[in-house]
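K.L.:
Residue numbering for the sequence shown follows the UniProt record's numbering, starting at 1 and increasing by one per position.
Think of the hints as simulated: they come from the structure by calculation, not from any bench. Please read all numbers here as calculations on a predicted model, not as lab measurements. Be a bit skeptical, because a hint or two may be false.
As the list claims (entries may be wrong) - In silico lysine-lysine, PhoX-like type, Cα no more than 20 Å apart, as pairs: (1) 36 - 71; (2) 71 - 43; (3) 77 - 36; (4) 77 - 31; (5) 71 - 31.
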Amino acid sequence: MEPPPPPEYITCLEDLYSVAWMEDSQGHNLKRETIKQQYEMVKERTANANDFVNGGSHVMEYGSRSIRAEKLYLYQKVLILPLLTSHPTITNYTWLWKL
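Using the sequences and the accompanying hints, generate a full structural model.
P.N.:
Next comes the structure, spelled out in structure tokens:
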């Protein structure tokens with residue numbers, strides 16, 4: 001960045017939790033992964049191996065724990081992606097969770 005921020009500023013364009021959560025959602029089958037599974041994986045990744053001094057952070061769980069066994073697709077949209085074919089048409093779509 002030009003000019004750079006003052007040296008006393010610690011800047012971050014993204015936060016560890018949001019990136020870990022979005023990448024986990026993109027990389028896993030939302031029809032199979034539960035809320036608890038995602039929470040545990042994102043928590044571990046965000047904690048940076050429990051090294052909070054070097055950039056990790058604490059993830060907290062709020063709300064009703066009764067939904068932990070529910071699948072993520074109930075709460076997150078499942079994307080539709082076009083299939084790559086030699087002659088793509090509007091009917092050549094598949095659900096991301098079937099890939």
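K.L.:
Straight-line Cα separation of residue 36 and residue 71 no greater than 20 Å?
P.N.:
holds, 9 Å
K.L.:
For the pair supplied as a hint, residue 71 and residue 43, confirm whether the alpha-carbon distance does not exceed 20 Å.
P.N.:
holds, 18 Å
K.L.:
Straight-line Cα separation of residue 77 and residue 31 no greater than 20 Å?
P.N.:
Holds: residue 77 and residue 31 sit about 11 Å apart, inside 20 Å.
K.L.:
Holds or violated: residue 77 with residue 36, Cα cutoff 20 Å?
P.N.:
holds, 18 Å
K.L.:
Can the restraint linking residue 71 and residue 31 be considered satisfied, given a maximum Cα separation of 20 Å?
P.N.:
holds, 6 Å
Of the hints listed earlier, there is not a single one the structure fails to meet.
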